[in-house]
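Residue numbers (the numbering used here), protein chains in the order written: chain U, 1 to 294; chain B, 1001 to 1188.
What the hints contain is simulated information worked out from the structure, not anything from laboratory work. Some hints here could point you the wrong way.
Claimed, not checked - To be clear about the criterion: a stretch of chain B counts as covered by chain U if any three or more of its residues have a C-beta under 8 Å from a C-beta of chain U, and this derived list gives those stretches:
#1 1045-1052
#2 1069-1082
#3 1102-1114
#4 1117-1131
#5 1158-1164
#6 1175-1187
Don't be surprised by glycine CBs; every beta carbon is placed ideally from N, CA and C.
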Amino acid sequence: MNQKKYFYYPGCSLKGTGKSYEKSLLAVFKYLEMDIPELPDWNCCGATTYMSIDELASFKMAVRNLSIAEKEERDIIAPCSACYMVLNKTIHFIKEYPDIREKICEAVKKANLKEVYEGKVKVRHPLDVLINDVGIEKIKSKVKRTLGGIRVFSYYGCLLTRPFTEFDNPRYPVNLDRIVEATGAETVESALKTKCCGGSLSGTIEEVGFRLSYLILREAKRKGAHLIVTVCPLCQFNLEVYQDRMEKMFKDKLSIPVIYFTQLLGVAFGIDEKELGFNHHIIYPEILYQKAAV
Amino acid sequence: MEKFKRTIKYESELNRDFTKEVINSPGGEGILECIQCGTCSGTCPLSIYMDYPPRRIIAMVREGFKDEVLSSKTIWLCASCYSCQVECPQNIKITYIMYALKRMAIKEGKYPKKFPIPILAKTFYDIVSRNGRQSEAKLVMNLWLKTSLLKIIQNASLGLKLLSKGRLSFKEEKIKDKSTLKKLLKEV
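So that you can see chain U by itself, here it is in the shape it has in the complex:
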């Protein structure tokens, strides 16, 4: 199984506001005995904003990362949904538009980057790697503490499932639910699980961004979820950090923990709490340690 080689591409968020995502991701992969070294001297993917100024420059930024990975023929694991989308979008555009490819090739040559991206390596989300390379049976066999009795709202957000995902259905994704269920926890069904959280709008036009996040939080509450599990650092930030502000704005009691799926897995695997980075969270997911049987 483990012949595939990977590079871990943290992107800017996993080194900053999404630290607990990095900690828990690395802990989970270590526990599964998978080697994921960090992509050497990686640069920012450009996120969803860079391409609104200069699209070709955004592709070039992504190509630098892709060619570093290609030199060692390792697939890139991109845990942030924006990184995942941008890197895949770049691959898509190189394939679809010969004139864009030509321009990028020329720039790469002039900058003395050793290789142009030839499509030898893929950009993968850790969820994809866990489901398709590790396999759900192996994950189940590694669970030490079953999380029975915990109701989870598995929130996919937008860019993991749209528009470049091949490993799941953009309208009705299931793979995050499968991971959650492998831990013994229960998932709640909702049409809002792929609805946008507002992305960077929470930082620019609060009343707009907060409303989108609030709809998701209220849905989780309404469905009786104990916690929300996310796959994206920006979703996690929007849904957790601004909760007190949203409570005031919408006059509604929320206080629902929002954690990464790798943290949930880590708890089920019996990985030490400190390694999973819960200390970086504002709303501590007590329920995980109250209900989970050892």
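Place chain B on chain U using the hints.
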């Protein structure tokens, strides 16, 4: 005497070159296939805030309403969640088109001034182009300095909370090989 203002455009005031430019941008090819079904506006989580919802933007681009489209808030409110693009029955790359419009608006200086979203995009672009990496604290501080000083005060307690949780750093992140990146961005 009451002044009346014309609310329609004459054919001669429309800009067909603009339409062509959008069609020629990557992803813009499909724009003439639009059947105006409104699925994009229906699925867009932000259309309730937009001056012109996505369906109308597409129609306006096709007819050549250049100034209205490029100075609209719509193109900046698009959070690029790709719902419209995935749902479009005509397979039109609506999100790509929104990006093409954003770039034209920036290039022509037609974006709504004092609207924080295009300013965030520019601030983001500048930091990443310079350092190869984003520094989250620097990004928001620069944004607020340019848009609203009040926000710095309003968000001080949030900043402290994040600092105490180890989620915020004022260090400027940089890549080692800045010279290759600079060359790469400069060429072509």
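Structure-based check of all given hints:
| no. | hint | result |
| --- | --- | --- |
| 1 | 1045-1052 | holds (count 3) |
| 2 | 1069-1082 | holds (count 5) |
| 3 | 1102-1114 | holds (count 3) |
| 4 | 1117-1131 | holds (count 9) |
| 5 | 1158-1164 | holds (count 3) |
| 6 | 1175-1187 | holds (count 9) |
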